[in-house]
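Participant: Now for the letters of each chain:
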Amino acid sequence: MEVFFQQVVSGLATGGIYGSVALALVMIYQATDVVNYAQGEMAMFSTYIAWTLLDKGVPYWWAFVLTLVISFAGGVLLERIVIRPVENKPILTIVIVCIGLLVILNSMAGWIYSYIQKPFPSPFPPKPIMLGTVVFGAHDLGAIGVTLVVLAFLYAFFRFTTLGLAMRAAAQNPVSSRLCGIRVGWMLAIGWGLASMVGAVAGMMVAPIVFLDPNMMAGILIYAFASATLGGFTSPGGAVLGGLIVGVIENLVGTYVHFIGTELKLTVALALILVVLVFKPSGLFGRAAVHRV
Amino acid sequence: MTPRARAVGVAAALAVALALPLFVSNFRLFQFTQVAVYAIALLGLNVLTGYNGQISLGHGAFYALGAYTTAIMIDKWDVPYPLTIVTAGLLCLVVGFLFGIPALRLEGLYLALLAIPQILKYFEHWTGGSQGIVLSKPNAPWGLPLSPDQWLYFFTLAVLVVLFALARNLLMGRTGRAIVAIRDNAIAAQAMGVNTALYKSLTFGVSAAYTGVAGGLSAIVIAFVAPDAFNVFLSITLLTGIVIGGLASISGAIFGALFIQFVPNWAQDISKAAPWAIYGIFLIGFMYVMPFGIAGAVRLALARLGRRGTAARA
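These protein sequence lines are chains D and C, in that order. With this note's numbering, letter number 181 in the first sequence gets 181, and the count goes up by one each step, no holes. With this note's numbering, letter number 202 in the second sequence gets 202, and the count goes up by one each step, no holes.
Treat the hints with care, since some could be wrong.
Claimed, not checked - Derived contacts from chain C toward chain D, CB cut-off under 7 Å, selection only:
no.: 1; residue: LEU171
no.: 2; residue: GLY173
no.: 3; residue: GLY176
no.: 4; residue: VAL243
no.: 5; residue: ILE284
For the record, the hints were derived by calculation from the structure and aren't laboratory data. Backbone N, C-alpha and C define an ideal beta-carbon position, used for all residues, glycine too.
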């Protein structure tokens, strides 16, 4: 039973990270109806910015906040400069541009910072926390906590602020929103900025675990996609929960089913999602998409 | 373009392709064989993405599946290699079709395909694990005076010509019109009596089959398969190829294949990161200014020239 709880806990820890990247994906999807393939690389790049600040001797939490501000601005700029010219083109075009962005960010990071792994500090104490016989890593707990705080902030922002309401309106019905005086284009830009910020948080929480290198998000992005699909691409809370579920299941299956071990963990997670989706295509917590003809 | 001009163009391209072995070294020829292999894969992906409007970042997996099918059949059972390529294509057709059914309901499902290389690594007994499988290049049959590289070039070229002709027939007919109609307006297509679900799954299957054949050929041409070659970046490379060659264009597959074979090699000299940066810049740049790729630009240029020609005669 101890092993079981231990595996659940460490599954929750990795799941929290999948969840936070999934959250960023869902943000842009809700604002623009497009899956942003560059999300992982944007998060990776933000983490490098944080690393540069820390390297210059900026205290951790200052660097954290500064990185968020820079990431927000970067996300807005990317939308304005790169995405805006193709805003009204078919989805295929936007997706291809996003993939282009992915490879550019990846190779730029490799060019500037080299492909050598860098250690990244955690803001939480290194001492593990014992609860009975189960060991919690302080960073793991902290990462889950930070993800939940971000989720709460986003919820409050979209639910209780005028700007949040305007953004939801712009995503749902751009034409009517424009008639109401909402600047739809800017709402999309702010959506990208927010998603970039959420990604930056995820990146800074992941980096202490997997080490910082230009390809650190590649694997995680796949899990994040899986989490978002499982939870439902229309539900931010579902995306985080989906991440936690994927993390835990992946760990448990890896521990208890011997022929799977660690090598086929990803396969199992993906197969499971396949099964869920055959029965519930919009994900566990998503709404079925309705299209007007 | 008039049918006559098109026929002349195809004949000229074929003549150049057939004469090529006379002028280039074995290594260059090997590179051109790879261009032909890529062209087949690109045509497959283009049927799916360019003509049918479905995007897939998982086609590298079908490439892998085809490559391993061929490699295992040759390595374990000594099956003649032309037969293994047919098998690779049929297997991918079936897997692709089955995969296309759930993929209808949700985009992004192809991510599950990314697991295929992992699975291949797992069945070590068959696939040689991370070490992969080493094959030997086949010699030319019937005592033809050709080096193995030259023979493989002609063999691949023959497969390419057959598959291109098949694709053209498929796309120019009733089926092709249904495929394009689904891309342009799925609901309208359905209202016109097109079975959208069936056609989308079929397109996925055909596309996978082409990519699988290409994978099988690549295993024979390179004489080696290993799981690490089939990562997400292979899928992105294929996508870059169709965007640069030209979405929804058959000849675009050739231009795209030339690009993804040669440009990264040149860029490698600048920096390790350069090939990818160039892919990214080209992907975005082409979407902005040349959304129909090189093939589209050629078509446009020919149309302009043609118009000027008629105007002068009139």
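Participant: Work down the list of hints and note, for each, if the structure agrees.
Facilitator: Status of the hints after comparison with the structure:
1. LEU171: 18 Å, violated
2. GLY173: Not OK, violated: GLY173 (chain C) not within 7 Å of chain D, min 24 Å.
3. GLY176: Result: violated, 18 Å to nearest chain D Cβ.
4. VAL243: Constraint on VAL243 (chain C) satisfied, holds at 6 Å.
5. ILE284: Check passed: Cβ of ILE284 (chain C) comes within 4 Å of chain D, closer than 7 Å.
When each numbered hint is compared with the structure, violations occur for hints 1, 2 and 3.
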